[in-house]
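Number of protein chains: 2
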Amino acid sequence: MSLSSSDIPIKVEFISENGTLANQLANHIRGMVASGRLVPGDRLPSTRAMASELKLARGTVSSAVELLIAEGLFETRIGAGTFVASEAALLQEPQPAGSSDVVFNDTPTADIDPKISCDVDFRPCRPSLDGFPVQVWRRCLSMAASSPLSPDYGDPLGDIRLRTVISAYLRRARGLVAGAGEIVITNGSVHAMHLLAHVYLSAKSKVFFEDPGYPLARQTFALSGATLEFCDVDQDGILVETLPDQVPASSLVYVTPSHQFPTGGRLSLRRRHELSEWANCHGALIVEDDYDGEYRYDVPPLAPLASFDRTHVVYCGTFSKTMFPGLRLGFAVAPKPIVEAMASYRALAEYAPSAITQVALASFISEGHYERHIHRMRRIYRKKRRFVVDFLESNRLPASFLGLDSGLSGILKFDTNKPIADLCKELQKQKILMPPISRYWVRKPSAVNQAVVGYAAPSLTEIERGLEFVFQTLRQIQPSAVAT
Amino acid sequence: MSLSSSDIPIKVEFISENGTLANQLANHIRGMVASGRLVPGDRLPSTRAMASELKLARGTVSSAVELLIAEGLFETRIGAGTFVASEAALLQEPQPAGSSDVVFNDTPTADIDPKISCDVDFRPCRPSLDGFPVQVWRRCLSMAASSPLSPDYGDPLGDIRLRTVISAYLRRARGLVAGAGEIVITNGSVHAMHLLAHVYLSAKSKVFFEDPGYPLARQTFALSGATLEFCDVDQDGILVETLPDQVPASSLVYVTPSHQFPTGGRLSLRRRHELSEWANCHGALIVEDDYDGEYRYDVPPLAPLASFDRTHVVYCGTFSKTMFPGLRLGFAVAPKPIVEAMASYRALAEYAPSAITQVALASFISEGHYERHIHRMRRIYRKKRRFVVDFLESNRLPASFLGLDSGLSGILKFDTNKPIADLCKELQKQKILMPPISRYWVRKPSAVNQAVVGYAAPSLTEIERGLEFVFQTLRQIQPSAVAT
Chain A
2 MSLSSSDIPI KVEFISENGT LANQLANHIR GMVASGRLVP GDRLPSTRAM
52 ASELKLARGT VSSAVELLIA EGLFETRIGA GTFVASEAAL LQEPQPAGSS
102 DVVFNDTPTA DIDPKISCDV DFRPCRPSLD GFPVQVWRRC LSMAASSPLS
152 PDYGDPLGDI RLRTVISAYL RRARGLVAGA GEIVITNGSV HAMHLLAHVY
202 LSAKSKVFFE DPGYPLARQT FALSGATLEF CDVDQDGILV ETLPDQVPAS
252 SLVYVTPSHQ FPTGGRLSLR RRHELSEWAN CHGALIVEDD YDGEYRYDVP
302 PLAPLASFDR THVVYCGTFS KTMFPGLRLG FAVAPKPIVE AMASYRALAE
352 YAPSAITQVA LASFISEGHY ERHIHRMRRI YRKKRRFVVD FLESNRLPAS
402 FLGLDSGLSG ILKFDTNKPI ADLCKELQKQ KILMPPISRY WVRKPSAVNQ
452 AVVGYAAPSL TEIERGLEFV FQTLRQIQPS AVAT
Chain B
2 MSLSSSDIPI KVEFISENGT LANQLANHIR GMVASGRLVP GDRLPSTRAM
52 ASELKLARGT VSSAVELLIA EGLFETRIGA GTFVASEAAL LQEPQPAGSS
102 DVVFNDTPTA DIDPKISCDV DFRPCRPSLD GFPVQVWRRC LSMAASSPLS
152 PDYGDPLGDI RLRTVISAYL RRARGLVAGA GEIVITNGSV HAMHLLAHVY
202 LSAKSKVFFE DPGYPLARQT FALSGATLEF CDVDQDGILV ETLPDQVPAS
252 SLVYVTPSHQ FPTGGRLSLR RRHELSEWAN CHGALIVEDD YDGEYRYDVP
302 PLAPLASFDR THVVYCGTFS KTMFPGLRLG FAVAPKPIVE AMASYRALAE
352 YAPSAITQVA LASFISEGHY ERHIHRMRRI YRKKRRFVVD FLESNRLPAS
402 FLGLDSGLSG ILKFDTNKPI ADLCKELQKQ KILMPPISRY WVRKPSAVNQ
452 AVVGYAAPSL TEIERGLEFV FQTLRQIQPS AVAT
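Going down the list, the protein sequences come from chains A and B.
Residues in the first sequence are numbered consecutively from 2, following my numbering.
Residues in the second sequence are numbered consecutively from 2, following my numbering.
Read the hints as simulated data drawn from the structure, not as lab findings.
Please read all numbers here as calculations on a predicted model, not as lab measurements.
Some clues are possibly wrong.
Claimed, not checked - Distance condition first, Cα-Cα at most 25 angstroms in a straight line; then the derived SDA-like pairs of lysine to any residue: (1) A:Lys430 - B:Ser151; (2) B:Lys337 - A:Lys414; (3) A:Lys337 - B:Gly37; (4) B:Lys385 - A:Ala304; (5) B:Lys205 - A:Val248; (6) B:Lys337 - A:Leu224; (7) A:Lys385 - B:Ser151; (8) A:Lys205 - B:Pro149; (9) B:Lys430 - B:Asp122; (10) A:Lys385 - B:Leu150; (11) B:Lys432 - A:Asp153; (12) A:Lys414 - A:Ser345; (13) B:Lys337 - A:Gln220; (14) B:Lys426 - A:Thr228; (15) A:Lys207 - B:Ser203; (16) A:Lys205 - B:Leu150; (17) B:Lys205 - A:Pro152; (18) B:Lys432 - A:Val248; (19) A:Lys207 - B:Ala204; (20) A:Lys432 - B:Leu150; (21) B:Lys205 - A:Leu224; (22) B:Lys419 - B:Lys384; (23) A:Lys337 - A:Val248; (24) A:Lys205 - A:Ala250; (25) B:Lys337 - A:Trp442; (26) B:Lys430 - B:Asp406; (27) A:Lys337 - B:Asn106; (28) A:Lys205 - A:Gly284; (29) A:Lys384 - B:Ala204; (30) A:Lys432 - B:Pro149; (31) A:Lys205 - B:Gly226.
Stated by the list, open to error - Far from chain A, some chain B residues (derived; all Cβ distances over 12 angstroms): (32) Gly37; (33) Asn106; (34) Val135; (35) Gln359; (36) Pro446.
Beta carbons: idealized from backbone N, C-alpha and C, even for Gly.
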């Protein structure tokens, strides 16, 4: 018989000792998928046709097909039939790549978090998605999809509607006054730095970078060929006085003033002014990465650097933390000539983000859902953050939780002088992900007894279970640390 | 009175000679928008509140507001009130950029088509959107938006579901066998070349490029610092014998074999094999840009270069022509190490496209809508293409229409030896956009009597009106050309 109209022959030899007939049939079809003879989108013949062809009872064939559907290998589409599911591709062997004589450049492997199935995930920069208003978002997407299609390729600056509502939002929420022409929509804040690096940095440039700091931003700047120099940070953010007196042309300093990544300090107002003065004095740019500054707890707001210095600051924002990471939208606010240069460059690269998600996000913001969602999540994150602090206190655990004025993560500082990298490694084996702070240092770490704890994504139950496990494990590895 | 809760003072002096009161009020509010005191998203007070505050009849205030809504400056949201519309930002003066001492790199201005409002748009690479199944697409988007959100940032290779259905589609429709691991999702074909340029080209590389050819691809390769060399094309595509015997390491040749851009030739099977042999012999890569090869008319299919040479070919596809340009999705098929290097690089750039559009497109393809849509559009484009040929013949016009085996555009070759760039310039003044072929040449054009005519987007009526106007204008400019 032919399993589908595309002439894939099937011949099953049923062996009586080999389980039920239905199982044997399912096994055979599974093998055809694994070997690539059936691929996602291929349709199975009807159970009636298969039963008649294979001389089996129709119920037997149905059982086999139901098994394959339950496994997720096949899917039923009402009124159309049963098809190989797209997930089935994961079963398939990749095609041999062939022995190529083609040589290509060495690209550094981006320091991105691997996808690991884990029990408790304390990695930073991961928002909670539980409270996201999916129904409202679907409506915004649906509306965006019904606005008239355009034969144009889009605007490399980003959709004018989205840039306009971001302009209004920044004025309202951050006191940052920037016209739509000074905003470029990006795929996120790292993308903004990538575009900036291309239009601004040269091999002679220097990039002054926080240490510890955000690895992806660092790698993005390093890729441009500029020289990186590292600056100390304390609980108030980057130590501006450590910046040099002489800098080459086209240099920049990268800072995370709302919530230093990963230590969590907020750059004091005094340092903000000093930094701006330094940049003005040396004709250097400041990259202000405001990756999670929307979440601020019980402390007064501090003006973004971009709000009092528009000529030397490129402000980078992202919707990854306030919406969800897969949205892939963010923006940069910069002087108009820089914005235009970034758009020119990206017109020769990835061109522009998807029009639909931009328009949907513009509606979501302008209808007030965005700020309502942030407000709601701020309450939830405040509670989770409080929970960690209370848990440590009430159980008299030998650690404190720091860097909590804002953001989605804090620093768990253990009352020990020993490095806790081994603890984190042991935890990872047990599927508790909690990166040691040493991971974010380039130079020799000056603090080895700290770990970064993202508290936004895990539930309260997971946080409790995770922390219990952390200190149990610590007790086993460093009994002295817990005894004190 | 305060126009909104954010304390924007309004004081209107009504002057009796200055039009109706309603007009004066509308003018005043319009001015507040233009000056940026009211920005998109701001809410107007109720007509009742404004009437009482300004001591005007409520009907007068309503008339003013209705006028502003009709102009598109304001919009009503049911149950919420009247708000400054996002389009209003276009009225606003940009913020002064400030006199910056910041110097940035010179980025070439990408050769993209400007947005011009025009009567008939014959520019190439623009699909018709009339037949697009918007309802089905909305359903796919809505389904994608209801699949569970992930705290992950996505896969820099692109969503596995989309890569899987593309793998199946290529096998089915183009005879190109590639696993999901050999496919990287991009924002379009130029983006694929941009990523490839970064992982493969160096300053010592050479890029062999068709002349005339596709400007954006050329600029993308040029930006990498590689040396560009230009190759002749004839009615069968690139002249393979003009490629040199010696090439530096990490070189590539860029071709548009399905429908040479812009001349429209199809690369013959013999030349495909010669090209593959040349690449194998020199360890060079072939970039196969299949930008509109889904549309083929009355000619047998030709195997993509990638289908018989997987080690030296990077095949670039796009959904801009088969879906719509604003979707910003395409893909590249390449040997696995190249695909992985491209993904590594993009993890430090724009990271990944939006998850929602990728998943929605995967459903659209796997449910069969994609191929049905292509099939339907092929019939429509065939008809439009035929219409141009018939129009020229039946009116005995001094031109022929060439390069029509496939794609969405053809070459209008005039029976004159004189350059037709002036004709195209004159047409543009009259809002008929039809680029002369000279625009796509880098070296001295060898054919000056040709224009590129995209016939996909305009309607039959527009095509007729446009062509009538073209030959009328030609008659005025070059009477001799039409007299023959």
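Item to check | Violations among the numbered hints | outcome: Those not satisfied are hints 2, 4, 5, 8, 12, 14, 16, 17, 18, 22, 25, 26, 29, 32, 33, 34, 35.
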